[in-house]
Each structure stands twice: as structure tokens, then as C-alpha cells.
Amino acid sequence: MTSLSSPTTSAQANVSSLRRTLRAWIPKRWYAHIILSISCLVLGIPLFYSIIVATQNNSDVYSYQFTFGESLRDNWKMAFEMRGLHEYMLNSVIMTVAITVGKTVFSLLAGLAFVYFRFPGKWLVFGFVLITLMMPTEVFIIALFRYINRIGWANTYLALIVPFMASATGAFLFRQHFASIPAELSEAAQLDGANPLQFLLRVLIPISWNTIGALAVVQSIYAWNMYTWPNMIISDPSLDVVQVGLSALRTGDASTQYGPLMLGAVIASLPPVIIFILLQKQFMSGFTLTRDK
Amino acid sequence: MKKVIFAMVMMALVLALAAPSGAIQAQDPVKIEVWIAFSDYRLDWVKEVAEEFNAMFPQYQVNIVGGMSYEEMFAQVSVAAEQNALPGVIHFNEASTQDARDSGNFKPIAQALGDRTEVNGLAIDFDDIIEPTTAYYTLDGNWTSFPWNTSSAIWFSNMNFVNAAGFDTPPATWADVDEYCAGIMALDNAPEYCWTFPNYGWFFEQWLAQQDALFVNNDNGRADRATEVAFNSDAGLAIFNWLNDQYDKGYLYYSGAQGGDSWGTVDQAYQTQSVAMAAYSSSDTTLYTRMGEENGFTTVASFLPYNQETGWTGNLIGGGSLWLVDGLTPEVEEGALTFMIFLSNTEHAAAWHQLTGYVAVRESANQMLEEEGWFAENPNQTVAMQQLVQSTVTPATSGALVGGFPAIRNAVTGATDRLFLTDEDPAGLLDKAASEANVIIEEYNLLNAP
Amino acid sequence: MIISPLLLVLAGALVGAVVIGFVFSSAAHRGLLGAVLGAGAGALGSLICMLPLDYCMFEAERKSIDVIFGVALVGLGVLLALAPVAWLSGKLLRRESLVSATSQPTQGTFRHWWIALPLLAPTLTILVLFLYYPSVETLRLSTMLSRLGARREAFVCVDNYTRLFEGSAYFDVVARTVYMSFFIVVLSMAIGLLIATMAYLPVKGASIYRTLLVWPYAISPAVAGIIFLLMFNPTGGIVNYFLKNWFGVRPGWLNDPSLAPWTIIISSVWKSIGFNILFYIAALQNVPVDLIEAGAIDGAGLLRRFWHIVWPLLSPTTFFLLITNLTYAFFDTFATIDYLTPGGGPLQSTTTMMYQVIRLGVDNNDLGKAAAQSVVLFLMVIGITVLSFRTGGRQVTYGA
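Chains as they are written, first to last, in this note's numbering: chain A, 1 to 293; chain B, 1001 to 1450; chain C, 2001 to 2400.
Everything labelled a hint here was simulated from the structure, so no lab data went into it.
Computed from a prediction, not measured in an experiment: that's the story for all the values here.
Below, simulated DSSO-like cross-link-like pairs (lysine-lysine); rule was C-alpha separation at most 27 angstroms, straight line:
hint	chain 1	residue 1	chain 2	residue 2
1	B	Lys1047	B	Lys1031
2	C	Lys2204	A	Lys281
3	A	Lys122	C	Lys2091
4	B	Lys1249	C	Lys2244
5	C	Lys2063	B	Lys1432
6	B	Lys1107	B	Lys1047
7	B	Lys1107	B	Lys1031
8	B	Lys1047	A	Lys77
9	B	Lys1249	B	Lys1432
Computed far set for chain C versus chain B, every beta-carbon distance over 10 angstroms:
hint	residue
10	Gly2090
11	Thr2162
12	Phe2306
13	Val2381
14	Thr2385
Glycine included, each C-beta is placed from N, C-alpha and C at the ideal position.
Please put together the full structure from these sequences, using the hints given.
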């Protein structure tokens, strides 16, 4: 750019033309590209290798073959036809959908109650819900395990779903979100004679899709990936979720058959990864952190 | 009048509801649910037998539920018992025997059978069951559960390494193992380690029984309810000292995995030829033999090496047995008994042995296999059987009966783990494991003893 | 050592009288009324923990550690009784409104306040049944000897707790939990921030990079365990295959007690880093690019600028991520540990507090001891939460 406008020696001309060439070849912010590429690679290698192994048999794995093998069909047969991976997947789908829908609906209702109603002892109820943020289910899992057994829910979908249908997180997310919506909206709705549910359905939900989406993504990934609780409370294999069912592939034939195991692991990861990648933008815009209120 | 009409209508309704269901019941097979603690090809085999059974006895319909491990089955049964949702038959491993007897959920087989010698035309013939299995599962000569899958701990050698080191046969004693390992590890193409075993409490129990030493007091819990462990004896210490020595010399590979999940790590080490020899359950003899064939080496099975100082008394059994749930209707109970007998009849006992490597629990099955030339063709498959048959039956080799056994095993595997990875004194570790186990027994007896 | 229950009630009453009496007299009211009120509350407080336990730790044959526990519990009970009394009376005496603490917008609310009840009912019912009730049941179980399927339960006072102080075994578990959690959280957040500062720059293909960076968040802890088991296996894993070929070493990733926790840490960082990258990118988007990049020519300036200007701007996100990552490290790593080092690792080196609870409660069927350890875990969660709110979270209300 500058070399033409001012007279220069031939050496300088060489340098600047070299610069030009470099500039054309090296992308802007090359350091960022290098760091990002390496990061993507390091994060991606474990998954990529898993996909390769999913097509191999144990002999391939133990002889360190890094190309696709020929056992995909056998592994598929082992995982699905013999070990019933599809049943585990179906159980996971049922559990995930039920938890996600239940949690979202109940959280919406709670958020509505907290923002659009004044009732005696509200601060107490609010605190009651707030405190559960400090009470992860895992901490009381032993007592919950015993309790669920007592009421006869062990080895039912109820045990997998109902305890997780309420969440302080969700209630707060919607409370924060609704509180940021101008009060005029609800006043106008009330003038039009809308009842609270109509207001929720016709006004609040249509303007809250980002928040709903964000909560749904987080909760569905959380539900799909649950392991400790389903592992404890479900011992009937026909009700196992996929995260637990994978261990049947691990110990499937005495010695670990890595091919079917990795095929199962990759397939079990597809639903959450796809949901997450597709709804990434919505996920982020729903989680705007509100600071210094 | 109204009342009469009402009563008649009600009666008609009741009849209408009851009649068809009653009629169907007459033709409907009696449903019997059986829970099996396997999830692999072994489960598939049981399902095939069940289909065969259902075809042969159309009045019954046996439904096999599997996919649980022994440990999961244990928890599942406690839960189901609380909900009155127990099936007809349950498959427990040997360590669950005392807990199962104490739970009150099961009817002793002897009591259910009474004096009968056959059920639905199938001969029971308990005299045909091999002695070690009989010794483990009977109490005062009475069967509490029905025998099925019986195994023993044996030794697998990769003969390519053993021969290269200048030996023709697998090691027989602990001293042999040491000598062999010195040779194997000096090879140019030496494996990473010489040998390995799953850090699962059962192996400690095996080496203890070989020395005719008790695991728990009161004749291994057979004379009276066990109240204390007895494994922190000279025999127990000898095991710990030997294992410690093997590990320190770099002969013994320890994968770090403990309990039920340690089996897989041994398979992998043996299959990849990272070790030359392995102690393992005979339940996978078929698999281990095949592993060699598929990876270009020869596997030879042999007796589990013993302490040459104390000699060899015998080995104890492992595996599981079938338990009959108490409180079933007479028809279901009859069907359940029929299926148990069917599953362990001569033909099935032989086929089961061929498929897996579990011992064939009937003498007649062994005889049949012998006549067919199976043992001559597959010498590895005779080892577990021979080891058990040659064992002298004593309280030590009959195996321990004690409550909270799975937790006690965890105490032993924990001590073994520390033995390898720390400098702690073997005797001290053993005593600590013993006092941990004693607390478990005391608490178990407090809560569970009738 | 025997301490009479009456003595404890009197002690509680005395403490209560002094404290509440002081609150009253400082608000220029009659201290005597306060003292009487406080004495009642204090006496009641000393009974809160002792009545359900029936003063068991003061029985004749108990050891001194039981007595110390008992006195501490009485103290806790008195504190629990006095705190609300002191707070309420303080407020009332100064004639402050009670509800001001959580003021709500008054415009736009619906009439018929009772409609809120059915709206809140599902959430409250579930929280009561499946969170509050189990928490009380955990406390009860922690004083029992209890097994699933047993004929009976037995009351063992505070033995399940005092047992934790025998020997160093439990302290080791706590220390390991802290050790692993610390490195998981710090590494995951630090590397996440570094990558995020690059990924938020307007480079070509930024959105592709971002997608390729954040997906591991959606992978489950169980699958992370499986994948790393495949790679880090000492016999047949590719990591040692390459390490041996290139450097001639074969680290015991799963059976070396000092390395095994690091295998868990590495796999957990791999799994959780995407989440941190995502949130840091979002937070950085409020920071002008120049602030980060202009200093690229002189490195020192860059760091200083980052530390003084950018870092404070990120603090709400950092705080949110800290809590989320801590939760992950404490609880969600269970599945990864269970697949990588079943049984809790060599020398229990990967046994976290959570793993220990499950191992005791489920594998050993020892519900009482597991419940007691759950209570300790709960106290730790409360401690960490309070601590982090005091240090970093004051100005932040977070919504996730």
C-alpha cells in the first residue's frame, strides 16, 4: 500500500512486497487462529478416536489401528439387537422430555406467582424456594433412595421423573425475566379482562421464548446425562436409561468390547450435542446475567 | 323388588367379569418370572432354555429377566421385597447366601420339595450333584437354594512365554510362580508384567481355603452364626506377604480397579499379552482359551497355585444358585421348581459347561462329557472340575457363610490395595481389615439375625 | 461423663437471657422483658437437638468426644432459636417493616392473591416431598444403623459421626475432594477464559470455532469416563502407546495413586471446559476488543490491562461459573470416576465425598453411615456457598 506512494530503495521494496505477500497469506490475528485450531483439535481428538473405535473390533483397538475398521455392522448388532441400546435410548427420551416439560411448566407458574401476585408470607415462600439452591439432590440421595423405595416407586418412571420436576433454578430464571418486563403489560392485560393464565399463555410466553429455550436446553442436557440417581433407583434393566445402560455394553461379554461400547457412547451423545449446537444462540441469549440490580 | 333386581344385576355383572377370566385362566399358562444376574451370552443361553422349557411344559410360561450384576440383583431384591414385587426365582451369587437365608424372603428348597424325588416327571436326584456344590449350599444336609452355576478360581498361562522361559507346565505353587516369573521377566520379549489377578475378595478366600484356614469363625459360619472374621491368621498373612513380594518384584500387575469391576482389567491385560499368566474364575475358561487362539498364543489352564509351606487342602466354589421365593401360589411354586430342575438337568449342565467353563454340577453330565471325548479334546475345561473334586471337604474349603459379605469383601480388597501401594505392614493391614469386617458382621447380626 | 439435661436447659436459658436482654436494652427498651423472652427461647433451643436424640451423648458410658458433640449440638440449637428472635425483635423494636427485605413491584399484580397458591403448589409440593423431607430423613438416618431389607433398625446416637473422627481415613477423603475440585475448577475456568479471549475476537470462521469448542458440554460425565478409559487405559490405551513410542514411559494413569486423580481431573476439565468458554465469550462481548488486543504488541501491557480492566468486568460471570463448576466437581464427577476407576481408585485416590456416600450406602448397604457423611457433605456445600457469596457474589444476582 505504502511502497508505491513514496520513493524507496530496491531493498525496501523487497521487504514491503514480502510483507504484502505475508499479509495475504497469514490471516489477520494469526495467533488467535493457531490457539483456536489447537484447542479445537485437542478437544476433538477424544471424540474422533471414539468414532474410529466404534467401527473396530478389539484386535484392531489393541493393535492401535487409527483408521476406520470393518466391524461397524457387528458392533451395531451387538449394541442394538443383542444389548437393546434402543430401549435404553427410549427410556432416556421419555425421562428427558417429561423432566424438561414438567420443569419448564412448573417454573413458569412459580415465576408468574412470584412476580404478579402479592400474598401474605411471600418472602417466606420465596426464601423457602431460594434455600433449595443450596440443597443439591445428591446430598440427600440416600434418604431419597430409601423414601422412593418405601412409597413403591423404585423401578418406575415416576422415580426418574417426579423428584426432578421442580427447580429453584427455573423458578428464579422466570422470576428475574418477568420482573424485567414492564408492569404496563400486565395492567393492560388486566384491563382487557385477561385472567392470570391467559396472561401467561398469550402475553408472557410469546415474549419469553429465549428464556424458555435456555432453560429447556440446560434441563434436557442435565436430565439426559443423569447417572447417579438412575443407577441407584433403577435395577430393572428394561427401565435403565442410556447412561447407565452403557455399562451393560462395557461388561457385556466378560471382557470389555470397545467397539460396541464406543458406538453406544457416541450414539448416546448425539441427542444432547445436536440440541445444544442447534440451540446455542438461544441458550446464550436466555442466560443474560443480570448484575447490580 | 328393586333390591332383588339390583342384586341380580350385580351378580350377573360379577359372573360376567369372573367367568371369562376364569375360563381363560384354565387355558392360560402359569406365569413364572425368573431373575438372572447375567447380561451377556450367558443370559441369552438361559433365555433359549426357557423357550425350550415353555414348549415342553405348555402349562407354564417362564419369563427370564436379566441384565443385572450380582451386586445389583442384591439391591433389587431388597427393594422388591419391600414392595411385595418379588418374582418366582432369583439368582444370587455365593456371597449372598447368608443374607438370603436371613431375609425370610425365600423358601428352602428342601422344604418345598419335601420327600418328592421328581417334579412334573423330572427327576431331582440331589445325589448326582457334585460334592463341593452340595457342601456349600446345604445346611445340615438340606438344600436351601438350587444349584446352578458353579465355578472355581483357576490359573491361566500363556504358554508362549512359559515355554520360552524353559518350563513345560504351568506353575503349581507360589514358589513356582516366583521362579517362573524370574525366567519370564528375563526374556528378551518379556511382557510388561508376569501375572495378575482381579482384586476381588474371592481370590483371597481361595488362597485361604487352600491352606485349610477359616475366613470367619464358627467353622466358617456353618456350625453357628459367624460373629467374627478369622482371616487375620498366619495363613492370611502368608497370602499378603506373598502378594506383596510379587508386587514389589515387579511381577504382579495391579490395575487399580477393585471389586466386581476388576475382572475386565485382567481380561484386557491377558488378551493384550501385557501379562504372561493370570488367576481368574473358571467361568471364563472358554473365553480365555479362545483369546489365545485368536491372538496367536496357547492358553493352558491349571490349578490355582498354592502355598507350598502349608500344602493344598482344596479350593472353594464360586458362582451362584437359584432361590425360590416364599409365598408363591402352589402352581407357580411347582412351575418354578420344575424350571430349576430343568435348567440344571444333565444335558443342560453339560451344555452350560461347554458354553462358559462353569463346572457341570452333575456327575452324570461330567460322565457324559467324558464319554463324548469333550475333556480329552479340551483339557482346559477339566481343570476347575478336577480342582473341586480333588478338594478335601472341610469347613475351610466349604466356603464362608456370613452376613454383609459384599461389604466384607470390600474391606479385604481395600487392604490388598494398600498392601501394594503403600509400605504399610502386611500384618497391620490385615488386622485393620479384620476389625473393619468385624464391625460389619456385628452390625449385620444386630439388624438381621432372626 | 454425665451432664444433666436440666443443666443444659438452664445454660441455654442463661445464654438466651443475656443475648436477647442485650438486644432489648440496646434498643432502649426494658432489658428484663428481653431477658425473660430470651431465657424461654434459649431453653427451647437447647431442647431442639436434644429431644429427638434423647440426650444420648450424655449417657454414662459415652466417650468425651460424644460429650463435645452434644455440647456443640446444644449450642447450635440455642443459636438456631435465638437468631430469629434477635432478628425479629431488633426489627420490631426499631419499627422497621418486615417485608422490606424482599420488596416486590406493586404495579401490575393481579387481584385474588389466593390464585398464587395453585400456581406455586406443584413446585412447593415437589420441593417438600423430594428435597425437604429427604433432608430431615437424612438427619434421622444418620443416627441409625440401617440396612435395606433388614429386619430392624437400631439407634446409635452420634456414633456414625464420631466414627468419622477416628483415624485419618475420612479426612483424606475430604482432602482429596478439595484437591480434585480445586484443580478441576481452576484449570477448566483458566483455560476456558484463555480460549474464550481468542474465540471472541472477530476472526474468520469465529462461529465455526465456537461450535467446535463448546460441544463437550453436552457430553455426559459417564461418556467422558468411557472415552478417557479407552484412551488412558494402561494396557491397550493410545495415550501410553504414544508416550512409550516417543518418550519410553508408560505412566499408570489408572493405577498410580498420584496420577489417577489427574486422569479424573483431565477428563472432567475436557468435559466442562466448553461451558466455561461459552459463558466467557458471552461476557467478553461486553468488553471492547481493543482492550484485549491493543496490548498484544507489548505483552506486559496486555496482561496489566487485562487484569485491571477486563477481569473486573468478568467477575459476575466468574462467580456464576465458580459455583457451577464447583457443583460439577463435587457431584457430577461421580459417573466419570465410576467408569474410569471403579471402586474409587488405587488407595482410594479418586474417592470423592460423593463417591464415598454411594459406595457406603449402596454397595455396602450401610445407610446410616452414608447419611452421616451426606450431612457433612451438606455442611460443606453450605459453607462454600456462603463463603463465595461473601467474597464474590454480593453484587450479583444470577439467573441459572
